[in-house]
Amino acid sequence: MFDELYQEILMDHYRHPRNAADLSHIPDSRIHENPTCGDAIKIEITSVNEMVTSIQHETYGCAISTASASLMSEYLKGKNVFQVQEEIIKFLKIMRGELPTDNLDTFEDLVCLAGVAKLPVRLKCATLAWHALLDCILHLVSGVTLP
Amino acid sequence: MEQLTSVLPVHTIRKDFPILDTCVYFDNAATSQKPVEVINSISNFYKNTNANVHRSIHRLGEKATAKYEDARERVRNFINARSVQEIIFTSGTTDSINLVASAFAEKFINEGDSILVTELEHHSNLVPWQLIASRKKATLCFVPLRDDLSYDTEALEKLPWHTIKIAAVSHISNVLGIENNIKSIISHAHGHDVPVLIDAAQSAGHIPIDVQAMDCDFLAFSGHKMCGPLGTGVLYGRERLLEQLPPYRGGGDMIHSVWKDKSSYAHLPCKFEAGTPNIVGAIGLGKAMNYLSRIGITAISDRIYTLSDYFYKATRDIDSIQFLETSEKTHGIFSFVHKIIHPHDLAQYLDSREIAIRAGHHCAQPLHRMLKIPASARVSLYFYNTESEIDCFRTALEEAERFFYV
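Protein sequences appear in the order of chains H and L.
Note that our numbering has the first sequence beginning at 1078, numbered continuously upward.
Note that our numbering has the second sequence beginning at 24, numbered continuously upward.
By construction, these hints were calculated from the structure, which means they are not laboratory data.
This structure is a prediction, so every number in the text was calculated from the model and none was measured.
Zero decoy hints are in this set.
Selected chain H positions facing chain L (Cβ under 10 Å, derived; list incomplete):
1) F1079
2) E1110
3) C1114
4) G1138
5) I1141
6) C1202
The C-beta atom is built at its ideal place from N, Cα and C for all residues, glycine as well.
For reference, chain L alone in the conformation it holds in the complex (with noise of 0.2 Å):
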């Protein structure tokens, strides 16, 4: 029975989302569905303003400049930065992070330093780090995990702090679904002058996010896991700190004047912004924080909690799964294993029964070795999810247990 525990009417948002009709979609950390205004935006833009934005003196290129500058317009309200300069657009977090990662690390990074990151990190937040120490003669360091997989926030002020030069920590675990104690690293962090990059590819568009509030000095997301249209992305970035990076790619838009010999670079954000960018992708996000923001924010993520609360209780007597975390207080994610069945024979005969959900180490394989386990199975809730669908997962979950089982 569905029942009426959210203020948010998700019958009325579900028809914004068509392709909802088609299955139960429980994959939303992998990406989310995208609502139809966001994909007429998409097409509305190459029917009537395509041009290439900032050196096209036409009306369509002026056109098409000022919405992709209103929606980077956009991106500085929806996470509170202080300026513009300080929004740079990507193809997505893995984008954003390998950026911080090459031009910090150009500038910042010498041998002997470290790069401070968590073993819960998708692979996205932890790959980009190594090859940089690989290549700086820099080492990794972990931040001390609680067995609940929590920081182990005493043993913080222990780090070597003194050889840190970055830490690089995820904001909401994409396995695990809880919500990081990145206020106790950041301020641990900045007792030590050392910047943070907080990952929030799972928090932007499910959690309010202000990063003045949160303080941190980077922060990566994708546009694509909160309703953009993918191949989208923010590198948010303290503009101080932006300023003192070298550029990351080379190229068209980014540079200021070019000799045959040397270049000098253009300002903030353009300076990041190497080639023509995805024009399309930055406006059908910049109307996928509009739709978000209609709804608003503090609502979703309650509906999400009610979601997450929902599913936890129509899930904890089944004996046969064993959840990755087993607290209350995950955001729509639970991974689990199941006893008998293989996550990829799960995933399939759910699939059988239109129920999408992931299998396998959900990029985050450092975090499954940890918890000696191959690989799980993963359930991700959005806003337009229901209690229906989390009734239907369990039947479904029950029907694989008597075919696998016999």
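Here chain H stands alone, though its shape is the one from the complex (with noise of 0.2 Å):
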């Protein structure tokens, strides 16, 4: 279980996460926590034209959680605002175990977090960084500014 869950390409964003930014500047107000380790993400997106251009983020927690945030943010860059709000509910529904988990052969490297999917003491750490996300979505969706 062990060696399936902590692969290469996971450790290697955990050890070098992609996108990763100071976000001092964000009030903690907006940091997502998950209570029962203390792990805590800022996430910040900009866009144009409806296309999310950039996806930064601050993350304090374990492996999981760091590199599902550093994946997440690679895979996610680039796309219409409403497809990633569908992808990280398609996400987040694969790893609730509410569809399979072959499902997450279209998302890149995010396969590796299938492993996740068993887990559900860990299912927290990997959907932490896509509950973030979709609150900055669903803001800039809606048009409503963040605090």
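Since each chain comes alone in its own frame, lean on the hints to assemble the complex.
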């Protein structure tokens, strides 16, 4: 189980998270937390003409939550905001076991998170960044300015 | 190398716990393992004696009642309560504390009063009081702590005792493993006629408990952390206090007589045991107390200290881990943070080496916030653990470092 979970690709994103940034200008009220382990993430997105042009994150967390944020940012950058929203919802459904894990095949390197779907206690690690991004996207789509 | 530092025949004892052959179990503060005789007592009850208690006029019902009440007597004896009227079976420490918080507050806590707790508490000895405080417009006040997280006994007298209606503190911290100076709290509180509840979840079955010597007013503990079945617990309460409290939950068994618009209530302890109790659980807990007493609680306590000392010496030279409690007085519980490896990742790695530890905030978020760490890893030992298991832990920790560092 450990080897299935902590694959080389995941460890690479953990050691060298892509699109990681200092987001200290974002207020702490926008931190998304996993209360069971204290993992915390801030996300900032920019968009041009409904296209998400950048996803930056500042993650404090375990290998799985950090790698998930990194992989997510790479995979979703450059996609249309509504497509991003759909992809997030689909990813969350796969992780929760509502859709089979072979649906991850279209998620490129994120397929390395398939093992998490079997581990309810690590589910929150893998989905923390996705919930944070969904929050940003919903605000963007609804036109409400984030605090 | 196994060291013969203990008088306990650990290898013989381990035969009573077949599950210990499957992994190194270092998560005893969450729940202990159960000896075969406790497990057998459960199936034996269902096979041979299963019936409801207190009201079934047939031989099975009489047998079940006798066994259930015999278990209550064992509990009384185990903690040296004055009478079985003072022993209430609950579903665990959480249930015991909620019972006191709810019933005591209804009778004795009013707007403007306060409840004394500490920042070291498990959520089960904090959140019930927060709920009561909010419902009664009361406030929580906190025992002042020194830098080493021990009670600042000199500051105790300065607390607003005239507003404090009850104090609720833990005996042994489930994160730090230190034994709190409950004696000082009890003596100060009693000096102001304030009753004290002791959360003994981590101390019952680990060190000798004598409620009369301790002079506490309530004592709450779980059966499952001391070799008993899950879903079992005890509330000890001083009889004169329990007599004054209103019932906690209504239902069968807790009544004396019921009319369509009112009821009178049963005597202690039934007044607080509404509904069919966890009969088999209580019987299993009685068996667990028998088992522990046969080994000897003092011997168990000494064994945990011996193991703790071994763990302390085996790990203190590892620069990459920082222990939350730095004294040598921990009672089998070691929480720590690793400089590089997140607690979740470490726990997952150790699991791959068949070592079970806990990672997270261990239901003590205020303590973690106070220490400014989001989460920690925790090793918790019990008398059946061995020195060679601690050696395995150390080796696996070094392996984890190699894996996560590269």
